Amino acid sequence: MVALARFLLKSYTRKHAYFAPLAGTLIAMFLLYSYKPNPVMDSYAVTSVFLFIGASWTGLTFLNHGSPQQEQLHIIHIGSMRRYMFSQLLAMLIPIVLFAILFIVYPILTHMFGEPVRLQQLFQATCGHLVMGMLGIMLSLFFQRAWMPNGTQATALLLILVIVSIGAKPIIAILPISLAWLHWLLPPVSPIMDGLLNSSKSAPGEVWGMIGWSLIYILLLGVAYMAISIRRDART
Amino acid sequence: MAIAGLEKGITAELVTVTDAVKVYGRHKVLQDISLIIKQGECTALVGKNGSGKSTLLRMLAGLIRPTTGIRQAREGRLVTGYVPERFPPFTFTPWEFLLSAAAIRGMEKRAAGQELTDFMNQLGMENFMHVKMTQFSKGMLQKINLIQALMGAPDLLLLDEPLSGLDIKAQETLLRLLAALKRSGTAVVMSVHESTLIEQIADRVLLMKNGRIIKETSETALAASSVTRIVFRGIDPGTAQGLSRLSEATDYAAAEGIYELEVWSDATDIMLRRILDSGGSIVMVNPQEGMDILLKDGLNGLLNAAKGDR
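Each protein sequence line maps, in turn, to chains A and B. So the first sequence is residues 1 to 236, counted in UniProt numbering. So the second sequence is residues 1 to 310, counted in UniProt numbering.
Don't take each hint at face value.
[Said to hold, decoys possible] Here are the simulated lysine-lysine pairs, DSSO-like style, with alpha carbons at most 30 Å apart:
| id | chain 1 | residue 1 | chain 2 | residue 2 |
| --- | --- | --- | --- | --- |
| 1 | B | Lys48 | B | Lys109 |
| 2 | B | Lys138 | B | Lys182 |
| 3 | B | Lys38 | B | Lys28 |
| 4 | A | Lys15 | B | Lys132 |
| 5 | B | Lys109 | B | Lys138 |
| 6 | B | Lys109 | B | Lys182 |
| 7 | B | Lys169 | B | Lys28 |
| 8 | B | Lys109 | B | Lys28 |
| 9 | A | Lys10 | A | Lys36 |
| 10 | B | Lys38 | B | Lys132 |
| 11 | B | Lys38 | A | Lys15 |
| 12 | B | Lys182 | B | Lys48 |
| 13 | B | Lys182 | B | Lys215 |
| 14 | A | Lys10 | B | Lys209 |
| 15 | B | Lys28 | A | Lys15 |
| 16 | A | Lys10 | B | Lys215 |
| 17 | A | Lys10 | B | Lys109 |
| 18 | B | Lys169 | B | Lys138 |
[Stated by the list, open to error] Derived DEER-like restraints, expressed as beta-carbon distance ranges:
| id | chain 1 | residue 1 | chain 2 | residue 2 | range |
| --- | --- | --- | --- | --- | --- |
| 19 | A | His111 | B | Gln114 | 34 to 44 Å |
| 20 | A | His183 | B | Gln114 | 53 to 63 Å |
| 21 | A | Gly151 | B | Tyr252 | 47 to 57 Å |
| 22 | A | His16 | B | Ser137 | 16 to 26 Å |
| 23 | B | Thr91 | A | Tyr225 | 19 to 29 Å |
| 24 | B | Arg245 | A | Leu185 | 58 to 68 Å |
| 25 | A | Pro149 | B | Ser137 | 29 to 39 Å |
[What the hints assert, rightly or not] Selected chain B positions facing chain A (in silico; Cβ < 10 Å):
| id | residue |
| --- | --- |
| 26 | Thr18 |
| 27 | Lys22 |
| 28 | Gly25 |
| 29 | Leu63 |
| 30 | Arg77 |
| 31 | Leu78 |
| 32 | Ala111 |
| 33 | Gly139 |
| 34 | Ala153 |
| 35 | Ile270 |
These aren't lab readings, by the way, just hints derived from the structure by calculation. Because the structure is a prediction, the values reported are computed rather than measured. Even glycine gets a Cβ: it sits at the ideal position worked out from N, Cα and C.
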């Protein structure tokens, strides 16, 4: 699986499909840090949302970058659809980790914060970024061409879901109380953002609880994706 | 339908497909397919475009699942080589791509390097080892397509139009390679348009039409599996349709007073006589294997002579 993940990443980068999401995410980060000093956790909360958006965009371009015949050959070479999908997930984690490192380290190295970053903040921010990146990837899985052949429609639907996930708190607030359960269905982007923003005011357990719930959410999405995808045909 | 291959006695089954149906939307692409693929056996799939050959190959490869029915592979590891009809436009050199493909298969790097170098040499591609494949012609890409499937001593080799785009020398090399693989126990299933492959390495030919295997022919009776296309005119549509319903006919089409009838080759004379007796006029007789394949070179001469007479 490592060999296929490596090949998929090479294939993706050689097609330059990564450039738009990478550029978009970097521009957003540089705009955020266009002035200083900045508050530590507020900035990290915002960049974790950037990472969520960037990861879903990167994920979609990554999953769609190969032709159906390329997918067929990979499945044959690695021996099963399940291993192929795990290789894809493994490959997609690499840019997410790199993005997360960049978002965490850049403001520290360039002295963008008005105060020193404490170890607990650093730890919470790193976990928050990784979880947000994984959430973005997980969402993109369901909008890839193998699931939705109409690319424009898939992109539009993914964008809607990304927007609703980010704005879940105010959106749920204006809905009737009987629909409040909807926030359990939506990706927990808004709660993590809130958790990071208010990490100094809220109990540490609250932030970790949110991150834990996000990991369960990611796991459930992953299991659902695998259970459905393992039965799908290779693209033709 | 009886399971193709059962009557010969099963020795080493690699893949078994039982009563498989594949539906895309409302269209049945494969219907009632039952097939056993055995070690060391070469099966040729023939039929017109859209008859379901490529879909059946993908099903045998495990790339698509039957909508109903069963596809079962041998227990344990089954190394499969698959040549898709179109090779994807990789932005890699053959060396990079083939070594990566070997690594994905779990092959040891040095052995893989040696094997791919051998194949590249045999197919006359040794000077293009480190050239980006985006600059390759169709034939060159087909050679890489074949090498990626042949590497790693596959148990099952599935080839979709393997000779497509290959020059004569490469075709001969491929024939030699396939024969050697077959001898070593590799099962080969190929969709083909060329009679050379069928005549030289196929043990059986499956004629496909509208997603069904309509005839299976063994090595000893390959010629009998061929069909002949008869184009005629000069009779009313009702009579032509009546002829198409006879057991000798396998396919029928009509357009603007011209009728096209496909019949089993061994029934060509009978059918020609019936058409003439019905007052019809023969426009063309074309011996083939369901898709414009001439079985024997000798037939070319006969065909040309017949055209000359007309």
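Hints and how they fare:
1. B:Lys48 - B:Lys109: violated, 41 Å
2. B:Lys138 - B:Lys182: holds, 26 Å
3. B:Lys38 - B:Lys28: holds, 26 Å
4. A:Lys15 - B:Lys132: This hinted pair holds, its Cα atoms lying about 13 Å apart.
5. B:Lys109 - B:Lys138: holds, 28 Å
6. B:Lys109 - B:Lys182: It holds: about 25 Å lies between the C-alpha atoms, which stays within 30 Å.
7. B:Lys169 - B:Lys28: violated, 39 Å
8. B:Lys109 - B:Lys28: Outside the cut-off at roughly 43 Å; violated.
9. A:Lys10 - A:Lys36: With a Cα-Cα distance of about 37 Å, the restraint between Lys10 of chain A and Lys36 of chain A is violated, given a limit of 30 Å.
10. B:Lys38 - B:Lys132: At roughly 37 Å apart (the allowed maximum being 30 Å), Lys132 of chain B and Lys38 of chain B break the hint.
11. B:Lys38 - A:Lys15: With a Cα-Cα distance of about 40 Å, the restraint between Lys38 of chain B and Lys15 of chain A is violated, given a limit of 30 Å.
12. B:Lys182 - B:Lys48: Holds, at roughly 26 Å.
13. B:Lys182 - B:Lys215: Given that 30 Å is the threshold and the Cα spacing comes to 23 Å, the pair holds.
14. A:Lys10 - B:Lys209: This hinted pair is violated, its Cα atoms lying about 41 Å apart.
15. B:Lys28 - A:Lys15: violated, 36 Å
16. A:Lys10 - B:Lys215: Violated, because 46 Å separates the two Cα atoms, which is more than 30 Å.
17. A:Lys10 - B:Lys109: holds, 18 Å
18. B:Lys169 - B:Lys138: holds, 15 Å
19. A:His111 - B:Gln114: 34 to 44 Å: Distance hint for His111 of chain A, Gln114 of chain B is violated at roughly 55 Å.
20. A:His183 - B:Gln114: 53 to 63 Å: Distance hint for His183 of chain A, Gln114 of chain B holds at roughly 59 Å.
21. A:Gly151 - B:Tyr252: 47 to 57 Å: violated, 41 Å
22. A:His16 - B:Ser137: 16 to 26 Å: holds, 24 Å
23. B:Thr91 - A:Tyr225: 19 to 29 Å: holds, 28 Å
24. B:Arg245 - A:Leu185: 58 to 68 Å: This hint holds: roughly 59 Å between Cβ atoms.
25. A:Pro149 - B:Ser137: 29 to 39 Å: holds, 30 Å
26. Thr18: violated, 18 Å
27. Lys22: With Cβ-Cβ at 9 Å, under 10 Å, it holds.
28. Gly25: violated, 12 Å
29. Leu63: For Leu63 of chain B, the interface hint holds, since the closest Cβ of chain A sits about 4 Å away, which is under 10 Å.
30. Arg77: holds, 7 Å
31. Leu78: holds, 8 Å
32. Ala111: Cβ of Ala111 of chain B sits 15 Å from chain A, so the hint is violated.
33. Gly139: violated, 17 Å
34. Ala153: violated, 14 Å
35. Ile270: violated, 41 Å
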